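Peer 1: Here the protein sequences come in this chain order: A and B.
Counting in the working numbering, the first sequence runs from 1 upward without gaps.
Counting in the working numbering, the second sequence runs from 94 upward without gaps.
Please keep in mind that the hints were generated in silico from the structure rather than gathered at the bench.
Here the structure is a predicted model, which means the values were calculated and not measured.
Be careful, since some hints might not be right.
Stated by the list, open to error - Calculated pairs, DMTMM-like style, for lysine to aspartate or glutamate (alpha carbon to alpha carbon, straight line, at most 25 Å):
| id | chain 1 | residue 1 | chain 2 | residue 2 |
| --- | --- | --- | --- | --- |
| 1 | B | K391 | B | E157 |
| 2 | B | K440 | B | E467 |
| 3 | A | K89 | B | D396 |
| 4 | A | K90 | B | E477 |
| 5 | A | K90 | B | E467 |
| 6 | B | K560 | A | E92 |
| 7 | B | K440 | B | D283 |
| 8 | B | K498 | B | D557 |
| 9 | A | K91 | B | D535 |
| 10 | B | K440 | A | E92 |
| 11 | A | K91 | B | E427 |
| 12 | B | K553 | B | E472 |
| 13 | A | K89 | B | D466 |
| 14 | A | K90 | B | E427 |
| 15 | A | K91 | B | E406 |
| 16 | A | K89 | B | D535 |
| 17 | B | K560 | B | E435 |
| 18 | A | K91 | B | D473 |
| 19 | A | K91 | B | E477 |
| 20 | B | K517 | B | D535 |
What the hints assert, rightly or not - Just a few of them, taken from the derived set where beta-carbon distance is under 10 Å, the chain B residues facing chain A:
| id | residue |
| --- | --- |
| 21 | M178 |
| 22 | M181 |
| 23 | L191 |
| 24 | A198 |
| 25 | G234 |
| 26 | N266 |
| 27 | G268 |
| 28 | A272 |
| 29 | G275 |
| 30 | L276 |
| 31 | K552 |
What the hints assert, rightly or not - Distance ranges between label pairs, derived from CB positions:
| id | chain 1 | residue 1 | chain 2 | residue 2 | range |
| --- | --- | --- | --- | --- | --- |
| 32 | A | E92 | B | Q387 | 45 to 55 Å |
| 33 | A | S23 | B | Q543 | 35 to 45 Å |
| 34 | B | Q543 | A | T25 | 47 to 57 Å |
| 35 | A | V11 | B | L548 | 47 to 57 Å |
| 36 | A | T25 | B | D550 | 24 to 34 Å |
| 37 | A | K90 | B | K498 | 31 to 41 Å |
| 38 | A | K91 | B | A105 | 23 to 33 Å |
| 39 | B | A255 | A | A5 | 45 to 55 Å |
| 40 | B | D542 | A | K90 | 32 to 42 Å |
No residue lacks a Cβ here, since even glycine has one placed at the ideal position from N, Cα and C.
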Amino acid sequence: MDFIAIFSIFVLACFVGYFVVWSVTPALHTPLMSVTNAISSVIIVGALIASAAAGSPLSKWLGLAAVVMASVNIFGGFAVTERMLAMYKKKER
Amino acid sequence: MHDVAPINPWVALAYLVAGVFFILALRGLSSPASSRRGNRFGMAGMAIAVVTTLLTHELANPIEVIGAIGIGAVIGIVMARRIAMTAMPQLVAAFHSLVGLAAVAVAAAAYLNPGAFGIADAAGQIFTVSRVEMGLGIAIGAITFSGSVIAFLKLNGNMSGAPIILPLRHVINLGTLAAIIGLVAYFTFDQSPWVFWTVTALSFVIGFLLIIPIGGADMPVVVSMLNSYSGWAAAAMGFTLHNTAMIITGALVGSSGAILSYIMCRAMNRSFLSVIAGGFGADASAGAGGAKEQRPWKPGSADDAAFLMSQAENVIIVPGYGMAVAQAQHALREMADLLKKEGVNVKYAIHPVAGRMPGHMNVLLAEANVPYDEVFELEDINGEFAQCDVAFVIGANDVTNPAAKTDKSSPIYGMPVLDVEKAKTVLFVKRSMGGVGYAGVDNDVFYMDQTMMLLGDAKKMADDIVKALNGGGH
Chain A
1 MDFIAIFSIF VLACFVGYFV VWSVTPALHT PLMSVTNAIS SVIIVGALIA
51 SAAAGSPLSK WLGLAAVVMA SVNIFGGFAV TERMLAMYKK KER
Chain B
94 MHDVAPINPW VALAYLVAGV FFILALRGLS SPASSRRGNR FGMAGMAIAV
144 VTTLLTHELA NPIEVIGAIG IGAVIGIVMA RRIAMTAMPQ LVAAFHSLVG
194 LAAVAVAAAA YLNPGAFGIA DAAGQIFTVS RVEMGLGIAI GAITFSGSVI
244 AFLKLNGNMS GAPIILPLRH VINLGTLAAI IGLVAYFTFD QSPWVFWTVT
294 ALSFVIGFLL IIPIGGADMP VVVSMLNSYS GWAAAAMGFT LHNTAMIITG
344 ALVGSSGAIL SYIMCRAMNR SFLSVIAGGF GADASAGAGG AKEQRPWKPG
394 SADDAAFLMS QAENVIIVPG YGMAVAQAQH ALREMADLLK KEGVNVKYAI
444 HPVAGRMPGH MNVLLAEANV PYDEVFELED INGEFAQCDV AFVIGANDVT
494 NPAAKTDKSS PIYGMPVLDV EKAKTVLFVK RSMGGVGYAG VDNDVFYMDQ
544 TMMLLGDAKK MADDIVKALN GGGH
């Protein structure tokens, strides 16, 4: 993909983000933060590529370290979001 | 244009699906009812991205990779289970620092082994565009890391919340930022290691310098801002790796954090720039203690409060962070349950900065089993104070101060506040008459005729009111 194609995706995604985030109810802003935290750890993709690649041992170990860090975030972020969301209950009628 | 190995369209499609699932994850948060489904979409999107990467790259040593994921999973899940809801801001700051450091590690790995990422030509020269993306990625990642570490230490109480003001800090900060930008530009001509590592080191330093002058009261803005940075770091890495899932996610998270920072700034009537410039809260305690006139106020007891509220038709509870610090939320919910049994209409009014991060108070109330449809945001409930019989303020102060509407000289002038003074009766739970809120200003609500001050620990007061409601009623 050339730079302009990628950049177009980026710009459009910023607009999607803008509208989607404004539609999030303020009551869920803390879970919003923890879930965005979890999904931003999609950089694990880059970490996996680095850890899989042959050639530079230092690069591989940096990749593995990044895999550990991103995994903490992914599992921790989704789990804590799930824990919080489970607490939101409607009034019993 | 450079000659990257052709990307398998199915792989590109899989990453796109992951990106769309992340959009749906945020979309789910538009209401508590759909939120858990949203979270599942997020997990599914992440699984697609990870599995696609694992399937399309020759793993040199699968055991190491699976082991690394496993270690991370155990640490993450244990942290998520154990963390107290009051400590959510620290946890989020800690998670942000990990995203930042992971981005630094990935960018460094890509710099050391560009061939593996398909961003260098046969001679090992990294493509110019990739150099800019990589430079920005490592800079934003490093700023996110060191900034979040400071935010964590301040929120966790390991470091004083007081702003640390260095002489000439604006000159130092702007100079460092200019040096980083200049070096990233120079990096496109010269890919020597010293340029890359100097950018990294300077970025760690600037992250640290940017957050130390920001006071504890502004931490909700800082946490949101770092949330935004972690997104931009992911987006920059997405550009380097030509990965749509990362770019979409980065844009979503970046805008999310930016919007939350904006909402927090608006709720405190602070401009974003003045938060970044720092120093807020430095002289607040100095101005407060001095010559204050003694004004008459009316004390009340738990029994008085129980009687007044059980006779009321409408009660609005205004909780603040002091309530959560005293762990009074369960006793408070019990009190509300007893009042509801007496036929009283009970609602909760939440100011956007009631907690220590956006939406924090809502989580704390949800944890105490307060139904979310009894909890209202400032704009939605402010008109109802005029019709309510009792406003019960517990652990909040500045967010109820009418000076924000009338007194132009007040440091909180212009901040949106809850109109508790319009209620027929105000019950104000406070530890003592001496203390003042974060902003260090006196609150006229204390001295109004219809206000009754309930002095004491928030939890003990709520417990005593519960006892009085149980004993006195029938």
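Peer 1: Hints first: check each against the structure and report whether it holds.
Peer 2: Going down the list of hints, with the structure as the test:
With a C-alpha separation of about 68 Å, the suggested pairing of B/K391 with B/E157 is violated against the 25 Å cut-off. Distance check on the hinted pair: B/K440 and B/E467 sit about 5 Å apart at the alpha-carbon level, within 25 Å; holds. Between A/K89 and B/D396 the CA atoms are separated by roughly 31 Å; this puts the pair beyond 25 Å, and the hint is violated. Taking the CA atoms of A/K90 and B/E477, the gap is near 21 Å; set against the 25 Å cutoff, the hint holds.
About 9 Å separates the Cα atoms of A/K90 and B/E467, which keeps this hinted pair within 25 Å; it holds. For the given pair, B/K560 sits about 24 Å from A/E92 by alpha-carbon distance, which is consistent with the 25 Å threshold. Of the supplied pair hints, the one linking B/K440 and B/D283 is violated, its CA atoms being roughly 63 Å apart against a limit of 25 Å. A C-alpha spacing of about 34 Å is found between B/K498 and B/D557, which places the hinted pair above 25 Å, so the restraint is violated.
In summary, the hint linking A/K91 to B/D535 is not supported, as the alpha carbons are separated by about 37 Å, beyond the 25 Å threshold. Under the criterion of a C-alpha separation no larger than 25 Å, the hint pairing B/K440 with A/E92 is consistent with the structure, at around 15 Å. Proposed proximity of A/K91 and B/E427 is supported: the alpha carbons are some 14 Å apart, at most 25 Å. Of the supplied pair hints, the one linking B/K553 and B/E472 is violated, its CA atoms being roughly 31 Å apart against a limit of 25 Å.
Restraint check for A/K89 and B/D466: satisfied, since their Cα atoms lie roughly 8 Å apart, inside the 25 Å limit. The straight-line distance between the Cα atoms of A/K90 and B/E427 is roughly 16 Å, inside the 25 Å bound, and the hint therefore holds. Between the alpha carbons of A/K91 and B/E406 the distance comes to roughly 19 Å, so the proposed pair stays at or under 25 Å and holds. A distance of roughly 37 Å separates the Cα atoms of A/K89 and B/D535; the hinted pair therefore is violated under the 25 Å criterion.
At roughly 15 Å between alpha-carbon atoms, B/K560 and B/E435 fall within 25 Å of each other, so this suggested pair holds. A hinted pair counts as satisfied when its Cα atoms are at most 25 Å apart, and A/K91 with B/D473 qualifies at roughly 18 Å. For the given pair, A/K91 sits about 20 Å from B/E477 by alpha-carbon distance, which is consistent with the 25 Å threshold. For the hint linking B/K517 to B/D535, the alpha-carbon distance of about 21 Å falls within 25 Å, and the restraint holds.
For the restraint placing B/M178 at the interface with chain A, the shortest Cβ-Cβ distance is roughly 8 Å, inside the 10 Å limit, so the hint holds. A cut of 10 Å between beta carbons decides the hint on B/M181: the least distance to chain A is about 6 Å, and the hint holds. Residue-level restraint check for B/L191 holds (minimum Cβ-Cβ distance to chain A is 4 Å; threshold 10 Å). Taking 10 Å as the C-beta cut-off, the interface hint given for B/A198 holds, the closest approach to chain A being about 4 Å.
At a threshold of 10 Å, the smallest CB-CB gap from B/G234 to chain A is about 9 Å, leaving the interface hint in force. Taken as an interface hint, B/N266 does not check out: its beta carbon lies about 25 Å from the nearest beta carbon of chain A, beyond 10 Å. At its closest, the beta carbon of B/G268 sits 29 Å from a beta carbon of chain A; the interface hint therefore is violated under the 10 Å criterion. The restraint placing B/A272 at the interface with chain A is violated, with a minimum CB-CB distance near 24 Å, outside the 10 Å limit.
Hint status for B/G275 relative to chain A: violated, with the closest Cβ pair at about 22 Å, above 10 Å. The beta carbon of B/L276 is not positioned within 10 Å of any beta carbon in chain A (closest approach about 21 Å), and the interface hint is therefore violated. With 10 Å as the threshold, the beta carbon of B/K552 stays out of range of chain A, its nearest partner Cβ sitting at about 20 Å, so the hint is violated. For A/E92 and B/Q387, the Cβ-Cβ distance of about 48 Å falls inside the hinted range of 45 to 55 Å, so the restraint holds.
Range check, A/S23 to B/Q543: about 39 Å between beta-carbon atoms, so the 35 to 45 Å window is met. The given range of 47 to 57 Å is broken by B/Q543 and A/T25, whose C-beta atoms sit roughly 33 Å from each other. Taking the beta carbon of each, A/V11 and B/L548 are about 56 Å apart, inside 47 to 57 Å as hinted. A/T25 and B/D550 have their C-beta atoms about 32 Å apart, which keeps the hinted 24 to 34 Å range intact.
Take A/K90 and B/K498: their Cβ atoms lie about 34 Å apart, and the range 31 to 41 Å holds. Under the hint 23 to 33 Å, the C-beta atoms of A/K91 and B/A105, about 46 Å apart, miss the expected range. Between B/A255 and A/A5 the Cβ separation comes to about 48 Å, which falls inside the hinted range of 45 to 55 Å. Range check, B/D542 to A/K90: about 39 Å between beta-carbon atoms, so the 32 to 42 Å window is met.
The earlier numbered hints that this structure contradicts are 1, 3, 7, 8, 9, 12, 16, 26, 27, 28, 29, 30, 31, 34, 38.
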